[in-house]
Structure formats: structure tokens, C-alpha cells
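**Q** Chains as they are written, first to last, in the numbering used here: chain Z, 18 to 265; chain S, 99 to 213.
Misleading hints may appear alongside valid ones.
Said to hold, decoys possible - Using C-beta positions, here's what the derived DEER-type ranges look like: (1) L193/S x R235/Z: 34 to 44 Å; (2) L149/S x T58/Z: 52 to 62 Å; (3) L189/S x V228/Z: 18 to 28 Å; (4) G180/Z x V208/S: 21 to 31 Å; (5) L189/S x P27/Z: 37 to 47 Å; (6) S54/Z x L149/S: 33 to 43 Å; (7) G30/Z x F128/S: 17 to 27 Å.
As the list claims (entries may be wrong) - Simulated pairs of lysine-lysine, BS3-like, Cα-Cα distance not exceeding 25 Å: (8) K173/S x K121/S; (9) K95/Z x K121/S; (10) K45/Z x K173/S; (11) K177/S x K243/Z; (12) K243/Z x K95/Z; (13) K177/S x K40/Z; (14) K40/Z x K95/Z; (15) K121/S x K144/Z; (16) K45/Z x K144/Z; (17) K139/Z x K121/S; (18) K177/S x K139/Z; (19) K243/Z x K144/Z; (20) K144/Z x K177/S; (21) K234/Z x K95/Z; (22) K45/Z x K234/Z; (23) K243/Z x K45/Z; (24) K243/Z x K40/Z; (25) K95/Z x K117/S; (26) K139/Z x K243/Z; (27) K243/Z x K173/S; (28) K173/S x K40/Z; (29) K234/Z x K117/S; (30) K144/Z x K40/Z; (31) K117/S x K177/S; (32) K144/Z x K117/S.
Said to hold, decoys possible - Reference excerpt, derived from the structure (chain S facing chain Z, CB under 7 Å, subset only): (33) I123; (34) F127; (35) N151; (36) F154; (37) I156; (38) K161; (39) Y164; (40) I165.
Since the hints were derived computationally from the structure, they do not count as laboratory data. We put the beta carbon where it would ideally sit given N, CA and C, even for glycine.
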Amino acid sequence: MSTSTTLEAPNSGTWDGGNEPLKASYGKLMMWFFLLSDAFTFGAFLIVYGLSRHKHLPYTGDPDAFTFSTQWWPIPEKVYNAFPGLHGVDLPLAFVALMTMILILSSVTMVLAVEAGHRMDKNDVQKWLLWTILFGSIFLGCQAWEWAHFISGDETGMTLSDGTQIFGANLTVNQYGPPLFADLFFFITGFHGTHVFSGVVLLIMIFINTVNGVYQKRGHYEMVEKVGLYWHFVDLVWVFVFTFFYLI
Amino acid sequence: MAMHSDHSHDFDHTGDIPKPQTKAIWRTFFILVALTAVEFLFAFTMDAGTLRNAIFIILTVFKAFYIVAEFMHLKHETKALIWSVMLPMALVVWLMVALISEGSYYFDSVTNYFK
């Protein structure tokens with residue numbers, strides 16, 4: 018009995034294999050499902066934020082008379098009102114607005130790199146990847162400044178009922194409100210920042226590959242698309258962090 | 099979605115790179131910037147409350163739609179892929195609603211029942 022058979026016509030039925038029901042490459046599908054699982058993690062973080070916030074007393078008084086207290090959850094724009102180089106000036110959400118713009122811009126340069134990849138335009142891919150790396154790094158720098166400021170606090174601080182004063186924040190106490198507030202700040206923005214950092218590392222790797230002509234020889238720039246998916250996801254998470262953490 | 103193997107024959111051509119088609123990309127960018135600007139407008143001109151939060155969430159969903167549909171290209175993928183991504187996320191929204199009302203209930207219990 019022979020071990021192989023020859024078909025007169027290739028099998029082409031639904032269950033004969035070789036089907037691509039989702040019409041996307043393996044790598045891109047796996048990136049999509051990885052991002053879905055990552056969205057669960059970020060979703061869990063933001064849901065815990067919502068849960069914690071709703072189980073704390075909201076501040077109901079006049080927003081102008083707001084002071085930091087462990088009694089109530091702080092108003093975000095009273096916490097995030099500092100800007101580098103403008104010490105003591107009350108600029109609510111100005112710095113986070115700048116960070117949002119930088120990340121949206123980096124998303125655009127990323128999508129332009131993907132578009133250039135479709136056209137096999139090596140120079141354009143390099144150019145747009147460099148811009149994306151630049152904006153991503155600036156965003157990381159901004160986040161480092163924001164963390165440093167959040168941790169060291171301002172001169173006002175918070176005075177507890179026994180007279181002790183708290184300046185800045187760590188995982189157990191903070192001058193802004195209940196301990197959970199600072200914990201969630203560190204975990205949510207920290208986890209997002211880690212993703213931006215990984216994204217910048219991936220971008221540098223594909224930039225080096227692009228310069229070396231790896232994708233040009235391969236005949237397609239799909240790796241740029243896959244890293245692009247990841248990068249847009251990071252931007253997407255920021256859109257939600259921005260709304261739920263800073264605006265609401 | 100472009101078929102990548104179609105490009106394999108032209109990697110050594112350098113003179114016939116097509117012109118960039120970036121109109122839709124910049125359009126999406128301006129929509130995202132405009133939505134963010136509107137969010138800031140509401141943040142500074144409107145008093146905090148349920149209505150303002152609802153406006154923020156609606157604008158956020160619009161921004162998310164443009165990023166996922168246009169930048170991540172999901173709008174142009176197959177229906178099956180779109181649903182594989184969207185359905186699990188709908189369950190996350192359910193979890194969010196459930197746990198936020200749980201938080202409110204907990205707060206309500208602690209502040210009112212033990213008075």
C-alpha cells in the first residue's frame with residue numbers, strides 16, 4: 018500500500034484546510050488577541066479605580082474651597098495642576114493635555130510608517146519610525162516628571178488631625194487623599210508607562226531592522242504593522258486613562 | 099488589508115514607489131484632536147456632575163472608535179475578527195457597570211447603615 022496518494026483535484030471544501038476565515042496573517046491575529054488580553058488587564062485596573070472611587074466619599078463642597086483630605090476622594094484637576102518650569106502656577110490638566118497630544122501625534126506618525134511600509138518606501142518608514150520613537154520617548158520623559166512631582170508633592174502638603182504633615186505620595190500615605198488614590202495612580206500610569214517603554218524598545222528594534230533592509234529583503238513590512246497595532250493600543254489605553262483618571 | 103506577498107517582486111525597484119495616501123490618516127488625527135479639545139472645553143466650562151461625566155465617556159468612546167477602526171484598521175477586517183475583539187470587550191463593560199455599582203453600594207452601607 019502506498020503511503021501517499023495523488024488527488025486529481027485539490028480539496029477545497031470548508032474543512033479541507035488552508036482556509037483563512039479571518040483573512041489576517043498569524044502574527045497579526047496573535048497581536049490582536051494579545052491586545053485583547055492586555056485590554057482585560059487595563060480594564061481590570063480602571064474598574065478597580067471606579068470601584069474604589071465609588072466606595073469613598075466624594076467631595077461635594079465648592080471646588081474653589083477644595084483641600085486635600087483623607088476623608089474624600091480628591092478632585093483630579095486639583096491634583097494634576099503643575100507644569101514643568103511654572104512652579105506654583107495653577108494650570109489644571111495642562112501638562113496631561115500636552116502628554117495626550119504627544120501620544121496622539123506619535124500614533125499618527127506610526128500609522129504613516131505603516132502606510133509607507135505598504136508602499137515599500139524604506140526611507141519614509143525610517144523617517145516616520147524615528148518620529149514615533151521621538152514622541153514616545155518625550156511621552157516617557159513627561160511621565161517621569163509627572164511621577165517625580167506626584168511623589169515629592171508641593172509645599173502645601175496635607176495636615177492630619179494630629180498635626181503631622183504629609184508631603185507627596187508613596188504606596189501607604191499621600192498628601193492628595195485616601196492611600197488607594199496614590200496606589201492606583203502608581204499602578205495604572207505605571208503599567209501604561211511600562212507599555213509605552215516596551216513599545217519604544219520594539220520601535221527601536223524594527224527601526225534597526227528597517228535600516229538594515231531586513232523587511233525590504235523579506236518583501237513586506239508586516240512587522241511594522243504588528244508593532245503599529247501595539248502602539249495604537251497603548252494610545253487607546255491612554256485615551257481611557259485620561260478620561261477616567263484625569264477628567265472624571 | 100493588503101496582501102503582502104504581492105510586494106515581494108518589487109523590493110529592488112526604487113524608482114516606482116507610489117505616492118503616499120495620507121488624507122484619511124490626517125482626517126482621523128484632526129478628529130481626535132478636536133474631540134480632545136472639546137473634552138477640555140467641557141472640563142473648564144462645566145461644573146462636575148453626572149452629565150459632564152456622561153459627555154466625557156461618550157467622547158472617549160468616539161475617540162476609541164476612531165483609533166481602533168482607522169489607525170488599527172479593524173473597520174477593514176473581516177466581520178468575524180471584529181466580533182472576536184468587540185464581544186469580549188462588551189463583557190468588560192458589563193463588569194465595569196457591575197463593580198462600580200458594587201462600590202456605590204459599599205459606600206452607601208458604610209455611611210448610612212452604621213450611623
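**Q** Could you run down the list of hints and mark each one as holding or not?
**A** Going down the list of hints, with the structure as the test:
1. Taking 34 to 44 Å as the suggested C-beta distance range, the pair L193/S and R235/Z conforms, at roughly 41 Å.
2. For L149/S and T58/Z, the Cβ-Cβ distance of about 31 Å falls outside the hinted range of 52 to 62 Å, so the restraint is violated.
3. Look at L189/S against V228/Z: about 43 Å separates their beta carbons, and that is not inside 18 to 28 Å.
4. Distance hint for G180/Z and V208/S: a CB-CB separation of about 27 Å, consistent with the stated range 21 to 31 Å.
5. As the Cβ distance of L189/S to P27/Z is approximately 40 Å, the hint placing it in 37 to 47 Å holds.
6. Taken as a hint, the range 33 to 43 Å holds for the pair S54/Z and L149/S, whose Cβ atoms sit roughly 34 Å apart.
7. One distance hint, 17 to 27 Å for the beta-carbon pair G30/Z and F128/S, is violated here, with the actual separation near 48 Å.
8. Restraint check: the Cα-Cα separation between K173/S and K121/S comes to about 17 Å, which is no more than 25 Å; the hinted pair holds.
9. Of the supplied pair hints, the one linking K95/Z and K121/S is violated, its CA atoms being roughly 39 Å apart against a limit of 25 Å.
10. Between K45/Z and K173/S the CA atoms are separated by roughly 15 Å; this keeps the pair inside 25 Å, and the hint holds.
11. Proximity of K177/S to K243/Z is assessed by CA-CA distance (about 20 Å); at most 25 Å being required, the pair is judged to hold.
12. The suggested pairing of K243/Z with K95/Z is violated, with an alpha-carbon distance near 39 Å, which exceeds 25 Å.
13. With a CA separation close to 10 Å, the supplied pair K177/S and K40/Z stays within the 25 Å bound.
14. Taken as a hint, the K40/Z and K95/Z pair is broken in the structure, with Cα atoms around 48 Å apart against an allowance of 25 Å.
15. Only pairs whose Cα atoms come within 25 Å are accepted, and K121/S paired with K144/Z is accepted, the gap being roughly 18 Å.
16. Note on K45/Z and K144/Z: the hinted pairing holds, with a Cα-Cα distance of about 23 Å set against a maximum of 25 Å.
17. Only pairs whose Cα atoms come within 25 Å are accepted, and K139/Z paired with K121/S is accepted, the gap being roughly 20 Å.
18. Distance hint between K177/S and K139/Z is unfulfilled; the C-alpha atoms sit about 32 Å from each other, more than 25 Å.
19. Restraint check: the Cα-Cα separation between K243/Z and K144/Z comes to about 18 Å, which is no more than 25 Å; the hinted pair holds.
20. Between K144/Z and K177/S the CA atoms are separated by roughly 34 Å; this puts the pair beyond 25 Å, and the hint is violated.
21. The straight-line distance between the Cα atoms of K234/Z and K95/Z is roughly 53 Å, outside the 25 Å bound, and the hint therefore fails.
22. With a C-alpha separation of about 20 Å, the suggested pair K45/Z and K234/Z falls inside the 25 Å cut-off, and the hint holds.
23. Note on K243/Z and K45/Z: the hinted pairing holds, with a Cα-Cα distance of about 6 Å set against a maximum of 25 Å.
24. Between K243/Z and K40/Z, the direct Cα distance comes to roughly 15 Å. Compliance with the 25 Å bound is thereby established for this hinted pair.
25. The hinted pair formed by K95/Z and K117/S fails the criterion: a straight-line CA distance of about 48 Å is larger than 25 Å.
26. With a CA separation close to 17 Å, the supplied pair K139/Z and K243/Z stays within the 25 Å bound.
27. With a C-alpha separation of about 16 Å, the suggested pairing of K243/Z with K173/S holds against the 25 Å cut-off.
28. Using a Cα cut-off of 25 Å, the hinted pair K173/S and K40/Z holds, with the two alpha carbons roughly 13 Å apart.
29. Taking the CA atoms of K234/Z and K117/S, the gap is near 21 Å; set against the 25 Å cutoff, the hint holds.
30. With a C-alpha separation of about 30 Å, the suggested pair K144/Z and K40/Z falls outside the 25 Å cut-off, and the hint is violated.
31. Note on K117/S and K177/S: the hinted pairing is violated, with a Cα-Cα distance of about 30 Å set against a maximum of 25 Å.
32. Restraint check for K144/Z and K117/S: the C-alpha separation of about 15 Å stays at or below 25 Å, so the hint holds.
33. Hint status for I123/S relative to chain Z: holds, with the closest Cβ pair at about 5 Å, below 7 Å.
34. Hint status for F127/S: holds, given a least beta-carbon distance of 5 Å to chain Z, under 7 Å.
35. Because the beta carbon of N151/S sits about 5 Å from the nearest beta carbon in chain Z, less than 7 Å, this interface hint is met.
36. With 7 Å as the threshold, the beta carbon of F154/S comes within range of chain Z, its nearest partner Cβ sitting at about 5 Å, so the hint holds.
37. Taken as an interface hint, I156/S does not check out: its beta carbon lies about 10 Å from the nearest beta carbon of chain Z, beyond 7 Å.
38. Using the Cβ-Cβ criterion of 7 Å, the hint placing K161/S at the interface with chain Z is satisfied: the shortest such distance is roughly 5 Å.
39. Among the interface hints, the one on Y164/S is violated; its C-beta lies about 10 Å from the nearest C-beta in chain Z, farther than the 7 Å criterion.
40. A hinted interface residue such as I165/S counts as satisfied when its beta carbon comes closer than 7 Å to some beta carbon of chain Z; here the least separation is about 5 Å, so the hint holds.
Violated hints for the displayed structure, listed by number in ascending order: 2, 3, 7, 9, 12, 14, 18, 20, 21, 25, 30, 31, 37, 39.
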